[in-house]
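Let's have the full structure, built from the sequences with the hints guiding it.
Order-wise, the sequence lines are chains A and B. Each residue of the first sequence is one higher than the one before, counting from 1 in the numbering used here. Each residue of the second sequence is one higher than the one before, counting from 268 in the numbering used here.
Hint data in this document are derived by calculation from the structure and do not stem from the laboratory. In this text, all values refer to a predicted model and were calculated from it rather than measured experimentally. Ideal placement from N, C-alpha and C gives every residue a C-beta, glycine not left out. You may find that some hints are simply not true.
What the hints assert, rightly or not - Stretches of chain A that chain B covers, calculated by requiring three or more beta carbons in the stretch to come under 8 Å of a beta carbon on chain B:
no. : stretch
1   : 120-134
2   : 151-165
What the hints assert, rightly or not - Below, computed lysine-lysine pairings styled on BS3-like, alpha-carbon distance capped at 30 Å:
no. : chain 1 : residue 1 : chain 2 : residue 2
3   : B       : 488       : B       : 503
4   : B       : 494       : B       : 426
5   : B       : 426       : B       : 411
6   : A       : 85        : A       : 24
7   : B       : 426       : B       : 488
8   : A       : 131       : B       : 275
9   : B       : 533       : B       : 503
10  : B       : 488       : A       : 103
11  : B       : 411       : A       : 131
As the list claims (entries may be wrong) - Residues from chain A that face chain B, not an exhaustive set, calculated with beta carbons under 10 Å:
no. : residue
12  : 112
13  : 113
14  : 117
15  : 139
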Amino acid sequence: MCEKKNSKLINIKKNVVKMTHVSKASHVGSCLSIVDILYVLYFKIMKIDVRNPQFSERDKFILSKGHASAALYATLAERGFFAEKILEEFYTDNGKLPGHLDKEAIPGVEVSSGSLGHGLSIGVGMALANKLQNNPGRIIVLLGDGECNEGSVWEAIMLAPNINLDNLLVIVDYNKLQGFGRTNEIIQQENIKRRWQEFLWEACEINGHNLREIEEALLKPQKGPKVIIAHTVKGNGVSFMEDKLEWHYKSPNEEQLEQSIRELDGL
Amino acid sequence: MMRNTFIKTLIEQARVDDSIFVITPDLGFSVLETFREEFPSRFLNVGIAEQNAIGVAAGLALSGYKVYVYSIIPFITMRCYEQIRLEAAYMNTNIRLVGVGAGFSYGAQGATHHALEDIAIMRVLPNMTVCCPGDPIEVEALTKESFHHQGPMFIRLAKNGEVNIHEADTEITLGKAISVTHGEDLALITTSNMLEQGRQWVCEWSAKGINAELISMHTIKPLDIEKINTLIRAGKPIITLEEHSIIGGLGSAVAEVIAESGCGIKFKRVAVPDRYSHTVGHQQRLRKHFEIEKVNLKDVGIRWEVENNEK
Numbered sequence: 001m002c003e004k005k006n007s008k009l010i011n012i013k014k015n016v017v018k019m020t021h022v023s024k025a026s027h028v029g030s031c032l033s034i035v036d037i038l039y040v041l042y043f044k045i046m047k048i049d050v051r052n053p054q055f056s057e058r059d060k061f062i063l064s065k066g067h068a069s070a071a072l073y074a075t076l077a078e079r080g081f082f083a084e085k086i087l088e089e090f091y092t093d094n095g096k097l098p099g100h101l102d103k104e105a106i107p108g109v110e111v112s113s114g115s116l117g118h119g120l121s122i123g124v125g126m127a128l129a130n131k132l133q134n135n136p137g138r139i140i141v142l143l144g145d146g147e148c149n150e151g152s153v154w155e156a157i158m159l160a161p162n163i164n165l166d167n168l169l170v171i172v173d174y175n176k177l178q179g180f181g182r183t184n185e186i187i188q189q190e191n192i193k194r195r196w197q198e199f200l201w202e203a204c205e206i207n208g209h210n211l212r213e214i215e216e217a218l219l220k221p222q223k224g225p226k227v228i229i230a231h232t233v234k235g236n237g238v239s240f241m242e243d244k245l246e247w248h249y250k251s252p253n254e255e256q257l258e259q260s261i262r263e264l265d266g267l
Numbered sequence: 268m269m270r271n272t273f274i275k276t277l278i279e280q281a282r283v284d285d286s287i288f289v290i291t292p293d294l295g296f297s298v299l300e301t302f303r304e305e306f307p308s309r310f311l312n313v314g315i316a317e318q319n320a321i322g323v324a325a326g327l328a329l330s331g332y333k334v335y336v337y338s339i340i341p342f343i344t345m346r347c348y349e350q351i352r353l354e355a356a357y358m359n360t361n362i363r364l365v366g367v368g369a370g371f372s373y374g375a376q377g378a379t380h381h382a383l384e385d386i387a388i389m390r391v392l393p394n395m396t397v398c399c400p401g402d403p404i405e406v407e408a409l410t411k412e413s414f415h416h417q418g419p420m421f422i423r424l425a426k427n428g429e430v431n432i433h434e435a436d437t438e439i440t441l442g443k444a445i446s447v448t449h450g451e452d453l454a455l456i457t458t459s460n461m462l463e464q465g466r467q468w469v470c471e472w473s474a475k476g477i478n479a480e481l482i483s484m485h486t487i488k489p490l491d492i493e494k495i496n497t498l499i500r501a502g503k504p505i506i507t508l509e510e511h512s513i514i515g516g517l518g519s520a521v522a523e524v525i526a527e528s529g530c531g532i533k534f535k536r537v538a539v540p541d542r543y544s545h546t547v548g549h550q551q552r553l554r555k556h557f558e559i560e561k562v563n564l565k566d567v568g569i570r571w572e573v574e575n576n577e578k
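This is the structure we're talking about:
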């Protein structure tokens, strides 16, 4: 693994923890479960141009689980969409970066989100538009596993295979925790991959923290809409946050911040 | 008539503008087929799934399309209200919600299909333009306005059988009220499918020597505040008439302008009272049941009935 690339990834994770500490905002655990995926997307996979974020043939990413905004902001900053210093304006009075995503706030955010269950429908519309316009750009949507409780997600899942969207890719952040507890205890989704397959999607499962597995899954050609079920760990990379429900809501205090940084530096 | 005028106008534009797209959540049988046949790649039935319809519309709109989502009013406004709030209003996209069945148009179908809250909930959304055309001529003009309008719109249509009130060459501009008749005694402001009944009232009053200004307020948002202020300054009694809840619609919008004007004038809202129908009936029957088919001019200080009786 190349040292330089890892340092970027680690910096994104450290920024996420710092941002939630400074702002006393929640969802740090939800952010850390997707940073590896975002890193691979923005540094290895997606066709983007930070100097011209609106260029028409770009790949578009929709973070449907908009509460993990800090992870996307930190990734966009690391990738050069805006200055890292702007991350200090997360979730603060008069800051630039709201707790949930506003596409007007900063370059690189394609879709405003934060109310769950909206992103996939928008992704279906964008993918359809690209097909009609012969635009080679891909549409990538990241959903939370808890978010898949929303009926609107399933409305979009049912439609997509009907319109042959081989340019639509979904990643489910399967960290197995949601607002009130274990996903399976609230809405059983042990068979999550099979559910998508039954609705005629291509589906695969990966370790959502293994950069190579993420990259391979994202690069594989697809014939229709495809979902990657990414097994992840909430709070990944920080020992006391890993797989702990409370880190859906808590923000790290000074001492916890220091420990988090130490642990992330050691990755 | 309104439905057919809408689709005919849209098809004409779709021939010259390939960004026009139509989505239906599986409604519009016998209305949308002509569009589907001529533009199969720009027509999509997403199935009975209104939330997804708005999301897909947003994805298309964010990619350059002007997307018309067509359904019966309660379903296209309420079933997917949060999607409308975020994907249409918040993101300020070119989504046009085309709702059919204003008020009691689907009367005997029952309260599930009555459209009585839509103006209220649509006009509260920032960026949302709310059009409630009163006759097919207005439908055509406002549909044409929608081709070049930036941002989301709600277009409230009736169903069929509506007559033309205006002349074909009447100037109709988004956000500008139309004075259909002129009269000094009072102003009757109607919106949406009540324009025809408003015209009847004005004719009846005229026969009795009361001259009313009949106004079609085909755009509820942006509201023609200037026009209302002109009426207030002239001290004209105002009656509003709508087939919508008395809460939040045209009457409320006009009342807000009057209240902030600092002038007291005679004012009366004629609208559906704050309750659902548990009575079976077609449109006219329900109008009668909810007493929106008549108004007493004494309520705005015009006592002609009494005076006439005294003579």
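Against the structure, the hints come out as follows:
no. : hint          : result
1   : 120-134       : holds (count 13)
2   : 151-165       : holds (count 7)
3   : B:488 x B:503 : holds (23 Å)
4   : B:494 x B:426 : holds (28 Å)
5   : B:426 x B:411 : holds (19 Å)
6   : A:85 x A:24   : holds (18 Å)
7   : B:426 x B:488 : holds (22 Å)
8   : A:131 x B:275 : holds (27 Å)
9   : B:533 x B:503 : holds (8 Å)
10  : B:488 x A:103 : holds (25 Å)
11  : B:411 x A:131 : holds (28 Å)
12  : 112           : holds (5 Å)
13  : 113           : holds (8 Å)
14  : 117           : holds (8 Å)
15  : 139           : holds (8 Å)
In summary, this structure violates none of the numbered hints.
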